[in-house]
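Asks: Here is what each chain is made of, one letter per residue.
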Amino acid sequence: DAKTTQPNSMESNEEEPVHLPCNHSTISGTDYIHWYRQLPSQGPEYVIHGLTSNVNNRMASLAIAEDRKSSTLILHRATLRDAAVYYCIPPIIQGAQKLVFGQGTRLTINP
Amino acid sequence: NAGVTQTPKFQVLKTGQSMTLQCAQDMNHEYMSWYRQDPGMGLRLIHYSVGAGITDQGEVPNGYNVSRSTTEDFPLRLLSAAPSQTSVYFCASSEDRRSNQPQHFGDGTRLSIL
Numbered sequence: 200d201a202k203t204t205q206p207n208s209m210e211s212n213e214e215e216p217v218h219l220p221c222n223h224s225t226i227s228g229t230d231y232i233h234w235y236r237q238l239p240s241q242g243p244e245y246v247i248h249g250l251t252s253n254v255n256n257r258m259a260s261l262a263i264a265e266d267r268k269s270s271t272l273i274l275h276r277a278t279l280r281d282a283a284v285y286y287c288i289p290p291i292i293q294g295a296q297k298l299v300f301g302q303g304t305r306l307t308i309n310p
Numbered sequence: 052n053a054g055v056t057q058t059p060k061f062q063v064l065k066t067g068q069s070m071t072l073q074c075a076q077d078m079n080h081e082y083m084s085w086y087r088q089d090p091g092m093g094l095r096l097i098h099y100s101v102g103a104g105i106t107d108q109g110e111v112p113n114g115y116n117v118s119r120s121t122t123e124d125f126p127l128r129l130l131s132a133a134p135s136q137t138s139v140y141f142c143a144s145s146e147d148r149r150s151n152q153p154q155h156f157g158d159g160t161r162l163s164i165l
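Chains as they are written, first to last, in this note's numbering: chain A, 200 to 310; chain B, 52 to 165.
Read the hints as simulated data drawn from the structure, not as lab findings. Incorrect hints may appear among the rest.
Unchecked claim - The calculated label-pair distances, taken between Cβ atoms and stated as ranges, are:
id : chain 1 : residue 1 : chain 2 : residue 2 : range
1  : A       : Ser227    : B       : Asn116    : 27 to 35 Å
2  : B       : Phe61     : A       : Thr251    : 26 to 34 Å
3  : A       : Glu265    : B       : Asp107    : 31 to 39 Å
4  : B       : Ser150    : A       : Asn253    : 28 to 36 Å
From a predicted model like this one, the values you see are computed outputs, not experimental measurements. From the three backbone atoms N, C-alpha and C, an ideal C-beta is built for every residue, glycine too.
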């Protein structure tokens with residue numbers, strides 16, 4: 200199973216960009232990288248996913264390194280609502296799509 | 052579009068009682084799963100289903116039963132509640148189990164076993 204490494208916490212200011220890194224050096228060539236976030240007292244929320252090329256959606260951008268050993272989630276203009284724990288996850292497919300949630304990165308947004 | 056709906060939101064049980072946590076989705080998703088999240092920890096997979104009539108065990112299945120009689124519903128049954136089952140339970144669904152499918156989570160059921 201692919202292992203991921205993320206910083207325990209990060210801090211940013213409102214309306215500034217935020218770059219959340221993830222190292223997944225053991226990922227296989229066919230593993231997608233998913234990002235989820237969990238706001239306080241809520242269920243996890245899907246943010247974005249990608250395989251090889253950079254991806255954009257209304258919530259964020261995902262930059263994937265050419266060697267696929269790392270990726271960066273980019274929030275272009277952070278808001279207070281973006282304060283959450285962010286998880287970088289390569290889903291495990293063994294009969295099921297199993298999401299292994301590690302400790303993630305706790306993002307604090309300062310007003 | 053309600054997404055994934057879990058009921059109840061909160062429940063307190065006594066040791067030995069049984070109960071069913073309800074999960075329903077209105078997106079016609081094939082794949083559904085149950086996770087539990089203990090304080091300060093990540094989510095762990097309990098059971099999953101790849102379609103109506105098909106279920107299988109996840110990482111921590113002991114003490115729980117599931118069934119999938121319809122595409123929409125995936126209830127989780129606690130057979131004889133134990134304090135170790137105090138947790139927050141999340142239900143999730145996705146179109147199918149392929150790794151490029153995002154999962155949609157409910158808001159959770161907070162369960163306390165006394």
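Asks: Look at the Cβ atoms of Ser227 (chain A) and Asn116 (chain B) and judge whether their distance stays inside 27 to 35 Å.
Replies: At roughly 33 Å between Cβ atoms, Asn116 (chain B) and Ser227 (chain A) fall inside 27 to 35 Å, so the hint holds.
Asks: For the range 31 to 39 Å, tell me whether the beta carbons of Glu265 (chain A) and Asp107 (chain B) fit it or not.
Replies: holds (37 Å)
Asks: Kindly confirm whether 28 to 36 Å is satisfied by the beta carbon distance between Ser150 (chain B) and Asn253 (chain A).
Replies: Given range 28 to 36 Å: violated, Cβ gap about 18 Å.
Asks: That 26 to 34 Å hint for Phe61 (chain B) and Thr251 (chain A) (C-beta), does it hold up?
Replies: violated (43 Å)
Checked against the numbered hints given earlier, the structure breaks hints 2, 4 and satisfies all the rest.
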